[in-house]
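Construct all of the structure, not just a fragment, from the sequences and the given hints.
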Amino acid sequence: MSIKKSNTIKSYEITSESIYLERRKLIKSMSVASAMLPWGMTLSQSTKDDSYIPTYKRNSIYSTSEPKNSFEDITTYNNFYEFGMGKSDPYQNSANFEPAPWNVKISGEANKTGIYNIDDLIDSNALEERIYRLRCVEAWSMVIPWIGIPLGNIIKKLEPNSKAKYVAFETVYRPSEMPGQRKRILNWPYIEALTMAEAMNPLTLIAVGLYGQDLLNQSGAPMRLVVPWKYGFKSIKSINKIHFQESQPKTSWNIAASNEYGFYANVNPEVDHPRWSQSRERRIGNGFFGAKQPTLMFNGYQDEVAQLYQGMNLRKYF
Amino acid sequence: MVKLFTLISLTPFIILSLKGFGILPIFGFFSDLGANPIETIIHATGKWGIRILMITLLIAPIGYYTQHELCKKLPKPLGLVSLFYILSHFLSYALIDQGGDIKIIIVDIIETPYLIVGWAGFLCLLSVGLISFKKLQPWFNKNRSTISGIIYTAAVLGVWHYYWQTKVIELEPVLLAILMILLTGWKFKTSKNKS
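The listed protein sequences derive, respectively, from chains A and B.
Take 1 as the starting number for the first sequence in the working numbering and just add one per residue.
Take 1 as the starting number for the second sequence in the working numbering and just add one per residue.
Calculated directly from the structure, the hints in this document are not laboratory data.
Every clue listed holds true.
Which residues of chain A face chain B? A partial, calculated answer using Cβ under 10 angstroms: (1) 73; (2) 85; (3) 87; (4) 138; (5) 291.
These stretches of chain B come out as covered by chain A in the derived footprint (C-beta under 8 angstroms, 3 or more residues): (6) 36 to 43; (7) 94 to 102; (8) 110 to 118; (9) 163 to 173.
To list a few chain B residues with every Cβ distance to chain A over 10 angstroms, as calculated: (10) 54; (11) 66; (12) 68.
Don't be surprised by glycine CBs; every beta carbon is placed ideally from N, CA and C.
Here you go:
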């Protein structure tokens with residue numbers, strides 16, 4: 001999946017000569033600079049804001065004006081147990097992962113099942129940027145500019161039938177490329193699921209990039225789910241299977257500890273994790289002495305999703 | 001020799017401080033405290049506190065079998081280093097992570113079971129630290145078995161606190177728990193022999 005790829009070249013995408021020459025100069029100077037760097041720095045990181053060809057548009061309805069986390073924070077601090085349990089393990093241990101070529105198996109209660117190439121599933125002309133809050137079940141949070149398309153658009157193409165009440169996702173199982181999968185940390189492969197109503201909600205995104213570039217391996221390349229009103233573990237990464245079914249799927253964290261991680265896992269400051277409070281969160285990047293901030297109901301997406309859970313006991317269905 | 005061991009046990013703290021001030025003479029990823037610096041500090045001081053406390057407790061059986069002179073001198077300084085780490089662990093949680101707000105800290109400790117356990121262990125260790133001053137030496141020597149009981153309680157609570165806050169079963173707290181069971185068993189065995 002390449003974000004920059006576009007079938008039709010729009011006029012504003014054609015680079016003028018002056019910019020083109022300027023860019024060459026920049027690249028040249030960067031390669032000199034990078035040769036002088038000690039180690040651990042890569043060129044791709046220094047070009048992360050290189051988004052002068054906008055093949056995606058910002059969706060301002062589904063964005064926030066809160067300050068975004070830096071690219072470095074987002075890509076060096078996260079949970080992705082397939083690469084290890086430490087927060088920097090995904091960054092350090094994901095170099096051998098091969099996100100291309102990528103196929104996704106669609107199965108279950110839908111008319112258009114089968115094996116799809118990622119490019120057939122995701123229309124690269126329809127990509128949009130959405131700046132979402134992400135709230136981890138461990139009580140830290142970030143603000144991330146994702147690039148992706150609504151999951152609903154993909155699901156409509158696959159024509160699920162009337163028996164499809166839930167949609168389940170699976171992370172690719174490749175122990176040779178994902179060292180965490182060689183240990184029995186969780187019941188591999190990782191499985192997550194949503195109700196159809198949750199999956200079709202306009203907020204639910206399949207992301208293929210962030211900060212204007214393809215997802216890095218540690219962030220769930222080449223495609224991942226982003227469900228901003230639920231705890232981060234619901235937003236499954238590196239998806240290679242999507243299954244439509246009638247019964248509620250068994251999900252990984254729920255299997256690991258059903259009293260701690262429910263199927264819904266909606267962000268809720270009122271319902272604490274059995275071992276810690278969920279009423280406040282640490283916003284990463286707020287500085288060393290930055291105070292914790294109150295956690296918002298549905299992570300602040302109440303207007304968009306509260307109707308999904310009307311009349312439901314959120315203490316029971318946590 | 002005692003000074004050397006004390007210095008070694010303080011090395012993780014020195015490295016952490018250098019990272020905090022951004023002056024560790026290594027380039028690349030590990031030169032700072034990462035995206036969540038306060039978490040890095042809380043985790044590192046907590047882990048090193050319990051590790052050094054376990055080493056302190058291990059000195060007794062080693063000394064019992066080897067009769068090495070050093071084993072009589074090391075427990076006190078190492079125990080104090082452990083207390084120093086745990087004190088930093090608690091203070092960085094209370095003053096930085098929770099912003100020093102007593103009300104918030106109390107609510108957080110009540111709401112978080114593993115914090116109650118950790119807090120209890122910290123109080124045990126702190127009380128022993130406070131009575132280890134030179135002036136209280138005769139009293140300290142008289143009540144050695146009570147004091148070692150308190151230290152063992154602190155270690156059990158510390159390992160429990162570590163184990164309880166992990167999301168999935170992790171290797172280190174499990175190993176520490178096994179070591180703790182062995183140490184407690186040995187302690188009971190040897191104290192029975194004496195009486």
